[in-house]
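In the order they appear, the protein sequences are chains A and B. This note's numbering numbers the first residue of the first sequence as 1 and each following residue consecutively. This note's numbering numbers the first residue of the second sequence as 1001 and each following residue consecutively.
Treat the hints as calculated values from the structure; they're not laboratory data. Treat each hint with caution, since some may be false.
[To be verified] Where chain A lies over chain B, by a calculated footprint (3+ residues, C-beta under 8 Å):
#1 1179 to 1186
#2 1192 to 1205
#3 1266 to 1280
By construction, the Cβ of each residue, glycine as well, lies at the ideal position given by its N, Cα and C atoms.
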Amino acid sequence: MAPSETRHQQREKPIALELRGVSKTFRSDTGAEVRALDRVNLVVREGEFVTLVGATGCGKTTLLNLIAELDTAEEGYLDLGDGLRFGDNIAHVFQHYTLFPWRTAISNVSFGLQMRRVSRADRRARATELLARVGLAGFENAYPHELSGGMRQRAAIAQALAIEPKLLLMDEPFGAVDDSTRTELQQMLTDLWQENQTTIIFVTHNIDEAIVLGSRVVVFSERPGKIVCEFEIDLPRPRDRMTEEFTKLFMRIRTTLSGQLD
Amino acid sequence: MSKEDLRTERPRSWRDSLGWVVMPIVLLAIWQIAAVWLNEPWIFPPVTRVLEELVHPFREHYASGSLLSNTLVSLLRVLLGFLLAAVAGVTLGIVMGSIRAVRTGFEPIVEVLRPLCPIAWLPFAIAVFKLKTLPQLFGVQYTRTIFDRLQLGMIFVIFVGGLFPVLTNTLDGVAGVRRNYLLLGQTLGATRRQTFLHVYLPAAMPMILTGLRQGLGLCWFVIIAAEMMTGSDSGIGYLLMYASDNSAMDIVIAAMLIIGCVGALLSFAMRRVMYGLVRWHGKEI
């Protein structure tokens, strides 16, 4: 499949999310103003896997919070695609506190279904299936504190997938795990995305991760948070970090980001 | 990853249990020697006299009933009043903790009533409820059972005693629930009611249980004091006072030992429940 074809098909898909001129300013207690986001324009189409990459504190998380209605923008428009609703088909995976510590793994994964009044037998069956899918078969009755960091993120992804989201927001979900676990989780997420074609917006400060996962990488500048450039990634999956194309792309994004620092 | 939890009681080893055997024996021995040497049993009776009472818990003392029957009356009053306090305290605590308007509305009342000793409510409670008992509330004049001892005024005082520890701990627990858990619940589709039931309640559970344990302890404190007041006709506190009026110090001390042991048992039982319910506590991730 030629790269241009892929791009063409993407463009025909319905819009899942559109941001036009979105700005956000925070005021500190001392009255100082920090422009977190400055006129951000972004269109995400259904089935896309968009990674937002930028330095820590550049407003990526603020953007995700605006999309998730956890915060409000003071300027600009934010439109969700048809049928997308919070508390229904938009899931959010955080870096920390991703699971309820008082619930076992299976009970955490069933939470969304329980809220939708799915019968106990059905939700247990579905949760068992999902836990197996993320590689946690046999850990159904473990509490979050009994799981490793990587296992918790697996469970959190299963918990998010249980509500069959049309849009999956992920805020540095693999930020707190070690490198080899991170690679495993990236592979698992890639597989899940290829199976379900869920729209994913994934925030990270790790350039390598952004390229490995994304069908499109959006590069964020620092203060004010602004989109500086975007890259469509047509590299075949699973992505090989050792190829020349990967390295070139990596260097370009890194140069862009470090150029912003000067 | 999970840090060592210092707040949850672990089952004790036999070595730790020695304190429960050795120390009491030593103390009882000193007491016995001192009492025999002083030889003033109406002030300081020997252990043997007190034990004599304790091994005959069914023995009737004048018109006031036995040690056992009076203990049961006190326990029943406490459990009933505490149950009401627990339901009201947890419910009000969750609502106040999660809805700002309710909190600001109720806070002044709570802050003024909380430091008020529950016993201070007794004259008022007796005036309001007269000496009406629980069965009478349901239209039964006399059941000729222990239930005839359940005066509404007494239960009300216990209720007040247990309410505030439960309420304030629940309130703090709910107000301290991490925002992240609320967000997680909401993104997963929890409605307002479901958020109460499935996020606030379990997240605040360790604090709620602490409040319940403190509340039950205070209820047991309060009932003894309430039963010692005029207008009381039964209960272990009443028996203690009655025996004192009759210079029966052996019964007074027997009653004191029973009060202490029952209190310890209640506390122990609550601890067991807590340990089972919130094993995750202190291991948040």
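These are the hints, each one checked on the structure:
1. Figure legend: the segment 1179 to 1186 of chain B, annotated as covered by chain A; annotation consistent (6 residues with Cβ-Cβ distances under 8 Å, at least 3 required).
2. With a threshold of 8 Å between beta carbons, the proposed coverage of the segment 1192 to 1205 of chain B by chain A holds, since 6 of its residues qualify and at least three are required.
3. Check result for the segment 1266 to 1280 of chain B against chain A: holds, 3 residues qualifying (beta carbon to beta carbon below 8 Å, three or more required).
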